[in-house]
Structure formats: structure tokens, C-alpha cells
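Q: Could you build all of it, start to finish, from the sequences and the hints given here?
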Amino acid sequence: MAALFENTKCECGHQNPPDTTLCESCGKPLGEEALSNRPLEMRYDGVARRSQKANPNLIDRIWNFFSSVKVSVVLIVITLIGAMLGTIYPQENTFINFDPAYYEENYGLAGKIYYALGLSHTYESWWFITLLVMIGASLVICSLDRVLPLYRALNKQQIRKHLQFLTRQRVTYAADLEGGDEEWTRKLAEQLRKKRFRVAAEQTALLAEKNRFSRWGPYINHIGLIIFLLAVLARAIPGWQLDEYVAVREGEAVPIPETNYYVKNIDFEVEYYSDDEMPDRLKGTMRPKRFETKAELYVCEANCGSTALEPVLRKVKTHDILVNDPLEYKGLKLYQFDYDTTPRLKAVRPVLMDLKSGESYGPFELSILEPESEYELGPYRLKLITRFLDFTVNANGEPANLSSQPNAPAFLFLIQGPDLPAEGETFFYFPIQTDRERFGQDLINGEMAERFDIRVTDMANVEFAGDVSYLNVRVDRALPFVFVGAFISLIGLVMGFYWQHRRVWLRIDDGRLTLGAHTNKNWYGLRAEVAAALRGAGLDVDPKSLDNGGKKE
Amino acid sequence: MNWLSISSGAFITAFALYCVAFLLYVIAVIGRKWKNREPEGHLRKWGRIAFVFSSLGLAAHLVFFFTRWAGAGHIPTSNMYEFLTLLGMAIMIAFTILFAIYRSPLLGMFALPLTVLIIAYAAVFPQEVQPLVPSLQSNWLRLHVTGAALGEAFFAVGFAAGLMYLLRVTDYNDKSASARRSQRWLEFSLYVLIVVAGFIITVFAFRGAGYEASFVQENLSIDARGNEQLTTQTVEYQLPPIVKPHDSEPVSVQPFLGLDRPLFEAPGWMNGVNAGRKLNTVIWSVISGTILYGLLRLLARKPLGAAIHPLLDGIDPDDLDEISYRAIAIGFPIFTLGGLIFAMIWAEQAWGRFWGWDPKEVWALITWLFYSAYLHLRLSRGWHGLKSSWLSVIGFLIVMFTLIGVNLIIAGLHSYAGV
Amino acid sequence: MKGRERKIIQYVILIGILLLGGYAVGKTLFVSDDDKPKIGGRPPSFENVADIEGNLHSLDDYKGKPVVINFWGSFCPPCVAEMPAIDRQYLKYRDQGLVVLAINLSEDDITVRDFLKRFDLHYTILRDKNRMIEKKYALRSYPTTFFISRDGRIQDIKVGGMTEEDIEQRILKLMEA
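For the record, the sequence lines run as chains A, B and C. Numbering-wise (the working numbering), the first sequence opens with residue 1 and increments by one. Numbering-wise (the working numbering), the second sequence opens with residue 1 and increments by one. Numbering-wise (the working numbering), the third sequence opens with residue 1 and increments by one.
None of these hints come from the bench; they were simulated from the model. Each hint should be verified, as a subset may be incorrect.
What the hints assert, rightly or not - With a Cα cut of at most 25 Å, we get these calculated PhoX-like pairs of lysine-lysine:
| # | chain 1 | residue 1 | chain 2 | residue 2 |
| --- | --- | --- | --- | --- |
| 1 | A | K544 | B | K33 |
| 2 | C | K129 | A | K264 |
| 3 | A | K70 | C | K7 |
| 4 | B | K360 | A | K112 |
| 5 | C | K136 | C | K36 |
As the list claims (entries may be wrong) - Quick look at which bits of chain B chain A covers, simulated, 3 or more residues with Cβ under 8 Å:
| # | segment |
| --- | --- |
| 6 | 124 to 131 |
| 7 | 323 to 331 |
| 8 | 342 to 350 |
| 9 | 364 to 377 |
Said to hold, decoys possible - Partner residues are not named here, just some residues of chain B that face chain A (Cβ under 7 Å, in silico):
| # | residue |
| --- | --- |
| 10 | S138 |
| 11 | T336 |
| 12 | L337 |
| 13 | P359 |
Beta carbons: idealized from backbone N, C-alpha and C, even for Gly.
A: Below, the structure is given as C-alpha cells:
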């Protein structure tokens with residue numbers, strides 16, 4: 001047990017903390033490391049990383065658990081498997097109106113089990129979030145546990161290292177030299193400087209180091225990921241996140257839920273690819289080239305949320321909203337999401353035709369939503385008894401509305417005038433031809449159908465309501481932090497992978513050169529570089545020969 | 001200047017040059033054993049010649065890419081064909097970079113057929129230039145797709161090197177249970193690659209012969225108003241139907257080998273109108289791949305892995321391990337940037353949310369997590385070599401699933417068209 | 001790093017992770033429908049809502065009284081079916097202070113006016129606009145009726161149409177609370 005080695009004083013005179021495996025001063029292998037012949041374990045330069053207690057208490061045990069790289073790998077693997085499961089069937093959040101029966105209906109027993117296990121909302125489930133929390137904990141604790149000893153170790157490096165330290169590096173070289181020690185030291189230092197090493201010399205010993213910053217890469221990466229995760233969590237702060245959809249018809253203004261804003265659709269345009277712009281396979285399909293909403297954003301200053309009083313609005317922003325180009329105002333963003341150009345009637349201007357006399361009266365303005373209660377047409381008077389927006393015949397055989405949307409408008413008029421009873425006769429009018437046929441307008445009107453007709457004579461007398469634009473309204477105050485975290489993480493990755501921290505130690509003792517070199521990555525490159533430097537000084541070395549093993553054969 | 005026709009010409013040129021380069025790499029590697037040759041010198045000389053050809057191929061490929069861009073008016077990355085050709089090009093770029101570092105012609109012998117396979121697979125998909133829907137008109141698109149492709153290309157080269165390591169290290173003379181297990185898994189991996197090749201050959205063969213069959217499928221659905229809607233959809237097959245779509249009737253079926261009607265029907269639990277056609281394609285791929293594998297096995301008279309093993313003699317497996325790791329280490333930040341970060345920026349811009357747990361996004365994350373696990377495991381010396389190589393193979397499988405499986409099997413905002 | 005400093009840092013970090021992590025996981029377990037009205041909770045308030053004569057009403061106007069809020073639309077058959085029964089019960093308990101507010105689901109003037117001509121309803125009809133009140137009350141289907149006791153808390157929520165016995169029983173419970 002490491003704790004038994006109480007005498008931690010190295011032969012060079014330096015007192016090392018317990019569990020140091022390489023002397024902090026001269027690098028001589030200590031303790032168990034001294035007994036082996038294998039290449040040195042150079043992690044953290046042999047510095048004591050953790051004070052091991054005889055009986056770790058609960059806190060220590062939890063800490064050690066999260067500090068383990070093996071545990072972090074297990075967590076990563078479980079998370080990725082869990083994520084895979086969530087892609088088997090579409091998740092709940094892909095539906096606007098989610099129906100729990102969906103999975104069993106479409107996928108049978110497998111679907112039923114999927115839903116029961118909660119896999120239908122995998123990424124919002126407690127176990128998935130727990131995994132992410134644990135990964136976050138691992139990120140923090142792994143990094144803290146390692147970066148501080150590493151910093152300590154790299155900050156106070158000794159130049160002249162013990163011979164055993166040098167000969168047991170993974171890259172090592174020894175040779176007898178002809179000529180003066182100082183001369184050789186100078187020559188080698190020059191060669192190493194040419195390779196952009198920072199060389200520190202101490203008489204006839206050298207430490208050449210470069211790209212130390214690369215060692216901090218992984219820790220910066222972890223910091224970035226921590227910021228990213230915290231930013232994602234921050235979205236739960238009230239007011240920091242909003243995700244709503246609004247449908248605005250041209251010419252109308254609608255309130256944006258959970259805010260004091262209103263958005264008005266001034267004009268909606270959609271442009272389709274012409275057939276010549278499309279390959280044969282797609283000709284005839286309506287592929288949208290571009291669709292945009294000219295929108296205005298208003299702040300409501302009074303009577304907001306009131307259903308009866310008109311809200312007092314003040315315009316704050318105008319913008320053409322395109323799919324990749326939202327309207328942005330004080331953190332509020334309006335994205336073009338979808339549209340509906342299904343034609344909907346706004347008003348018609350029909351004429352009243354007296355079929356017997358052949359006269360027609362009008363046209364008169366019949367707004368679908370706000371018709372007049374009475375129309376004077378020649379000798380006749382048309383009184384509006386009732387209007388249906390979405391006509392249907394209900395279970396009791398009575399006329400009723402199917403919905404509150406004007407999908408199938410119908411008007412019940414009372415016609416009064418010459419050759420008609422004093423109390424008038426009823427007349428049903430369906431402006432849309434298919435409704436007229438579907439509901440048998442002529443049948444309903446009976447004899448009146450032979451006397452009168454109301455119809456639109458010219459398409460110019462039909463007015464359609466504007467297109468509907470669907471906008472996605474979002475607020476995401478945490479978003480900048482999300483990207484900051486992501487970029488910091490990327491910088492850490494680049495630092496860590498595209499550069500390597502290399503160190504070369506050498507000492508010349510009475511014509512005997514002993515060299516050892518270490519890197520955290522890319523031994524191939526290090527060997528090549530050291531060999532090139534030696535060659536430059538006049539020592540012909542093959543890179544492969546520098547390899548001191550450390551691999552399993 | 002008809003950009004698109006130049007583009008097609010450049011594509012064929014690149015394809016041809018890649019094939020030539022591959023053969024040259026094979027000569028470089030195999031020719032070491034020929035009489036009257038100094039192995040090292042031969043390898044280096046022919047390796048250099050092969051590299052010239054592969055670079056010329058890459059140049060032609062770049063011409064294809066940019067002329068198509070000019071001709072289409074938008075960057076050619078928006079459908080399956082375009083993306084896969086981009087991936088092939090990126091693999092060549094990644095290979096060129098790794099060759100410049102490690103100078104290993106042996107790597108070329110594996111990386112080039114991988115590129116050729118991917119490009120040939122690309123050609124299976126519809127090739128015409130399609131105009132972009134509004135959500136694809138963005139600068140971030142260019143960065144995201146190219147970045148992801150380049151990152152994945154490095155993972156692909158890492159896979160090639162990993163495969164080489166396995167072929168180099170697997171001892172076919174060892175008859176112990178664990179050795180036999182690794183021999184069999186290696187053989188299975190090679191078999192899967194051959195099935196992909198089989199798929200491509202089959203599709204082109206029947207396409208060349210002009211084969212067609214079509215089925216009509218009726219779908220009863222209930223619309224939002226509660227009304228029943230009967231829709232009829234036609235499914236076009238380019239391969240003889242072994243399996244017909246669920247609940248469908250043939251409209252016309254060209255006979256093949258005396259068969260003029262399908263043998264089976266796709267099960268109902270397979271979703272989507274094209275499920276039957278896709279299942280049919282998979283079945284054909286497996287059949288043709290198995291036949292191809294059988295022929296190769298007969299020629300070699302031993303497991304294919306054992307046949308390739310001697311070619312890798314003389315290379316230090318540690319170097320292969322190093323190349324594989326280095327490729328993945330270079331690719332990982334690129335993939336993080338292109339595949340995840342740019343994707344998040346683009347998604348935020350186009351759809352108003354930077355991450356929606358869309359299957360494609362999730363699988364990109366799975367890829368990232370997997371390689372992250374790989375890189376962490378490499379901190380432990382015990383995971384170098386054999387285990388790393390297997391991980392690089394699995395990782396590449398995950399990459400391929402993200403590109404192809406998600407698009408073809410799982411639907412979402414991200415889908416491309418299919419065969 | 002000295003032992004004691006180290007311990008403090010460990011504690012701080014683990015507690016931080018516990019709090020943040022607990023919050024994150026807790027959110028998933030208690031799906032936040034904070035704004036959604038629940039039995040025992042308070043009904044979302046509304047102000048200055050017009051009735052059919054144009055007078056304005058706010059929910060606070062009826063503080064201290066038992067209130068039935070019924071959401072209805074002319075296009076919703078079960079809503080229509082229960083209206084006469086609601087009216088009868090209303091008349092029974094009107095003198096004891098019962099308030100019935102029937103909020104129409106954002107239909108237009110003509111539709112509501114024409115519809116009401118067919119019935120003789122004595123309780124207050126209020127007009128929602130742009131589905132604002134409907135969204136506040138997180139309605140999933142129609143009709144939905146909220147029973148609010150004198151102390152201002154939701155005693156009961158009924159989703160779907162009610163029979164006359166149903167209505168009577170619930171109103172009785174409301175009056176006795």
C-alpha cells in the first residue's frame with residue numbers, strides 16, 4: 001500500500017508528498033514505480049494526484065466515483081444507447097395534438113410497451129436528464145481532480161533529471177559523444193530551438209518544451225460543455241424561454257400569447273418554382289421557392305388581454321419574415337413557419353334574380369362575417385334571419401354550425417315583396433357552389449327556388465380573405481450562452497488535438513549523452529522530430545530506434 | 001458554358017482516376033514481393049505514382065463539385081446524391097492529408113476503394129439538380145454539410161486504418177475460441193462491405209436493363225374532419241419484386257428469370273408507402289452480396305480476411321493504430337464544428353430552435369458521443385490496438401447509419417429522397 | 001491543496017450539482033402545468049370581458065360568491081344540449097347567490113346573437129375573443145365547466161357535457177361548500 005512508504009525523501013534531497021511516483025525535483029522513480037522496468041507512467045508527471053485516505057467517507061466515495069474516467073465512459077455509452085432508443089418511434093413532441101393511443105394504434109404491442117416505458121418522451125424523461133446531470137458532474141469533478149495537479153506539475157519543472165527518469169521514457173536515446181560537453185549542449189539546444197522548442201539550459205542539461213498550452217485543451221473543452229449544459233438548464237428560468245405558434249391572416253393583428261405583443265400580417269407572398277426550374281420528376285408539384293410575411297410588431301399598452309375592449313397598440317418593428325430570416329425585437333423572434341393559402345370567402349356580391357320576370361336586382365354586398373340585416377333590392381326586401389358559418393345538419397335534423405370557422409357559409413333570408421305573403425318567405429343561400437349542391441339548396445327552398453335565385457354572376461364579385469401565415473414565436477435568453485459554451489468547447493478540442501505538448505530532456509555527463517522525451521499524443525511525430533534534431537546536430541538516428549516500447553506485443 | 005455537362009464529365013473522370021489509383025496502390029503493395037525488386041523502393045515509387053493519380057482524381061472531383069455549383073446556382077449538398085459525392089470527395093481530402101503525414105501507400109489501398117464505394121452508392125440516387133426549398137437557402141447550410149462531411153471523412157479513413165489493423169493482426173493460424181471469434185467478426189465486416197457493393201451492382205444492372213415494375217397501394221385514412229379518405233399511391237420498383245408493398249396490387253411487373261409476380265408481401269407493421277420497396281431492395285442487396293461473397297471466397301479458397309492478411313505483412317500494426325487514432329482525432333473537432341455547432345446555428349435560424357431531438361440530430365449526437373467515448377478510452381493503454389480498431393469500425397457504422405439509415409428508415413425534417 | 005480546503009470545495013461542488021441536478025430532474029417528474037387551473041387551485045382571472053349587451057365583467061366582480069364558469073360554442077352539440085338544464089338549475093339557486101358565467105368560444109356577434117335567440121337563458125353570457133380566456137384555462141375539449149366555491153378555489157372541473165342530475169349534484173356541492 002502506498003501509505004506505507006512514509007519516507008518520501010528522494011536521494012536528490014527533495015521531500016515529496018506521499019504517493020508521488022516520480023520525484024518532483026529530479027524525476028527519479030519512487031515507490032512502486034522504482035521496482036518496475038517498464039516505461040514510466042508519466043501522467044501528471046508522477047505528482048501525487050489525490051490524497052488517498054484509508055477509509056474514504058461517503059463524500060470521498062461519491063467524488064471518486066465521478067472522478068473516474070471509466071465511469072464517465074460508461075455514462076456516455078448509456079446516454080448514447082438511451083438516445084438511440086428515442087429514435088425508434090416518433091417522439092411525443094413531434095405532434096401538435098398528441099394522442100397517447102398513437103403508439104399502440106400504429107405499432108401494436110411494441111408501440112404500447114414503448115409508450116409505457118416512457119420512451120415516447122425519451123429526451124424529457126427523468127432518467128435521461130439524470131444521465132446528463134451525471135455527465136455534468138463527471139465533467140466538473142474529473143477536470144478539477146486533474147487540472148490542478150497538472151498545473152502544479154508543469155509549473156515547477158526541473159531541468160536536470162535523474163538518469164533513470166530519462167532512460168525509462170518512451171522515447172529515449174543514449175550515446176557517447178566526441179567533443180566538449182558544453183559544445184554539444186549548445187549544438188543540441190540550437191537544433192531544438194530550430195524546431196520551435198523553448199529551451200532552458202542548466203550547464204550541460206537541457207529541457208526543451210513546446211505547446212504546453214495544448215495540455216489545457218481538454219479542460220477548456222470540459223468548461224465549454226459545462227457552460228453549455230448550464231445554459232440549457234437556464235432555459236427553465238421563467239421568461240427565458242417561449243415557444244408558441246400564431247396564425248395571422250393578411251390584414252389582421254393577433255396577440256402573441258404570454259407576452260404583451262401583437263403581430264400584424266400586412267401581406268403574405270408565396271412564390272413557387274416554375275416548371276422549367278424543376279426536373280421532370282418534380283414538374284407539376286407545387287414546390288415553394290420562397291414565402292414571406294411582411295409583418296409589423298406592436299406593443300400593447302392598454303387593454304391587453306381584454307376580450308371586449310380594443311387594445312391600445314404601438315408599432316415597434318417592421319420586417320419581412322422569411323424562413324431563415326426572423327423578425328427580431330428585444331429577444332423576441334418571429335419565424336416564418338408555414339402558411340395556408342386555401343381560399344376562404346370574405347364577401348360575395350350576388351344579385352337577386354326574379355326568375356319569372358327575368359329581372360335581376362343588385363349586386364348587393366354580402367359580407368360573410370358581418371352581413372347587413374336587411375337589403376332593399378328593387379321591389380323586394382331581403383331580411384337576414386340567421387347566418388351559419390359552417391353549415392351542417394345535426395343529429396336532430398336541425399341546421400347547425402359544425403365549427404366556428406367559415407368553411408361552409410349559409411344565409412337564411414326572408415324575402416318580402418310583391419306576390420309574396422306579408423310575413424315573407426324564407427330562402428336559403430349557399431354562396432359556395434359545392435355547398436349549394438351538397439345541401440340541396442333548391443330542394444330546401446322548394447317552390448321559392450323556382451321563383452328566385454341568388455347568385456354571383458361574375459368572379460370579380462367574389463372577395464377572398466387573405467392568406468394565413470403561421471409564425472413561430474420564440475424567446476431564448478439562454479441561447480447566447482449555449483453557443484458560447486459550444487465554441488469554448490470547440491476551442492478546447494482544437495487546442496488539445498491539433499497541437500501536442502512535447503518535452504525533451506537531456507544531459508551530457510562526461511561525454512555521455514542521455515536523452516528522454518515525452519508527449520501526450522502523437523509519439524510518431526515526436527520520434528521524427530527528435531531524430532531530426534539529433535541528425536541536425538550530427539547524430540544519425542532512425543526514429544524507430546528511439547522507441548522504448550510501452551506497447552503490448 | 002454548360003456547367004452541368006462539364007460536371008458530369010468531371011465526375012466520370014474522377015471515378016476512373018480513383019479506380020486507376022486503386023490499382024496502382026495494389027501494385028505498389030503486392031509488387032513488393034515480386035522478383036527482382038527492392039521492396040521499400042518499389043513501394044515508395046509506385047506509392048508516389050498512385051498518389052499522383054489519386055490527387056488528380058481529387059482534382060477532377062473538385063471540378064465536378066464547383067461546376068455543379070455553378071450550374072445549379074446553389075451549393076451541391078442538398079440531396080442524397082450530392083451529399084454522398086461530397087463525402088467521397090472529403091474522404092479523398094482526408095486521405096491526402098493523412099498520406100502527407102504518414103506516407104503510407106497501404107492506406108491508399110484501403111481508402112480508395114472506400115471512396116469508390118461511396119461514390120458508386122451515391123450514383124444510385126436521383127442525380128438531377130433540384131431547386132432548394134426555402135429552408136435550405138442559407139450560408140450555414142454550406143458550412144454545416146461540408147463540415148459534417150469532412151469530419152465524417154476523417155472517421156472513414158480512421159475506419160479504413162482500423163480495418164487494416166484488424167486484418168494485419170488477426171492470426172488466422174490461431175484456432176482458439178477467442179481467435180476464431182475475432183476472425184468471424186472480421187469476416188462479417190468484410191461481408192457487409194460486399195453486400196453494399198452487391199447492392200450497387202444490382203441496382204445498376206437492373207437500371208441498365210431498364211427494369212420496371214409498379215404497384216398500386218390503397219390507403220384508407222381519416223382526415224382532420226373525421227371523413228374517410230381513400231388515397232391510392234403508386235410505388236415504382238427498379239428491382240424485380242421479391243417482396244411487394246403491403247396490401248397492394250401489381251400494375252405491371254416485368255418478368256425476371258421466369259418470375260412475373262412477387263413472392264411475398266411486406267408486413268403491415270412496416271410503415272410508409274415505400275416500405276415494401278425498401279425491404280425488397282435490402283433483400284436483393286443481401287442476395288447479390290452473398291453471391292458475390294461466395295464467388296470471392298471460392299476464388300480465394302479461404303476466408304477473405306485470411307486472403308488479405310498477407311498483403312499487410314511488413315507494416316507495423318502500431319503505425320496503423322496510430323493512423324487510425326490520428327485520423328479520428330483530427331476529424332473529431334471538425335465534426336463537432338460542422339456536424340453539431342453549425343447545425344445548431346442553422347437550426348436556430350431556420351426552425352427557431354437549435355436542437356429539437358430530431359432523429360438526424362440525435363444520431364449526430366450519438367456519433368459524437370461514441371467518438372468521445374473512443375477518445376476517452378484511448379487514455380488507457382489497454383484500449384489501444386485491437387479494441388480501438390473495433391471501435392473505429394463500429395463508429396463508422398454509426399456514421400453510415402446517421403447518413404443513410406435515418407434518412408431511409410426514420411422520417412423527420414431532415415429527410416432526403418431514396419431508392 | 002490542503003485537506004480542509006479540498007473538503008470545502010468538494011462539499012460546495014457536490015451540493016451545487018445536487019441542487020441544479022435535482023431541479024433539472026424534478027422538472028421532468030412534475031410536468032409543469034403551473035398555469036393550468038387545477039382542482040384546489042385558483043381560477044385564472046379575466047377582466048373586462050363583454051356580455052351580449054356590451055357590459056364589462058371581471059372575475060373579481062364575483063368574489064365571495066359560488067361561480068360556475070361554462071365554456072360553450074354554438075358548433076358544439078353537447079355544449080348546446082346542456083344549456084337549458086344549466087339554466088333551470090341557475091334559476092333554482094340564483095337567489096342564494098349562485099353565479100353562472102357562460103363564456104362563448106370566440107364566435108362572432110351574429111352567430112352568438114342568432115344562437116341565443118333560440119333559447120331563453122337567464123344566466124350571464126360572456127364573449128371570449130381570439131381564444132384568450134380559453135387558452136388561459138388550458139381547455140382541451142368542449143364543453144368544459146369549472147365550479148368555483150365561495151372561497152375562490154376551484155372545487156371541480158368537468159370536461160364534457162353534463163346531464164341535468166350531474167349539474168344539480170355539482171351545484172348542490174358548490175352551494176354547500
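Q: Decide, hint by hint, whether the structure agrees.
A: A quick look at each hint next to the structure:
{"no.": "1", "hint": "A/K544 to B/K33", "verdict": "holds (23 Å)"}
{"no.": "2", "hint": "C/K129 to A/K264", "verdict": "holds (16 Å)"}
{"no.": "3", "hint": "A/K70 to C/K7", "verdict": "holds (23 Å)"}
{"no.": "4", "hint": "B/K360 to A/K112", "verdict": "holds (24 Å)"}
{"no.": "5", "hint": "C/K136 to C/K36", "verdict": "holds (7 Å)"}
{"no.": "6", "hint": "124 to 131", "verdict": "holds (count 5)"}
{"no.": "7", "hint": "323 to 331", "verdict": "holds (count 3)"}
{"no.": "8", "hint": "342 to 350", "verdict": "holds (count 5)"}
{"no.": "9", "hint": "364 to 377", "verdict": "holds (count 8)"}
{"no.": "10", "hint": "S138", "verdict": "holds (5 Å)"}
{"no.": "11", "hint": "T336", "verdict": "holds (6 Å)"}
{"no.": "12", "hint": "L337", "verdict": "holds (6 Å)"}
{"no.": "13", "hint": "P359", "verdict": "holds (4 Å)"}
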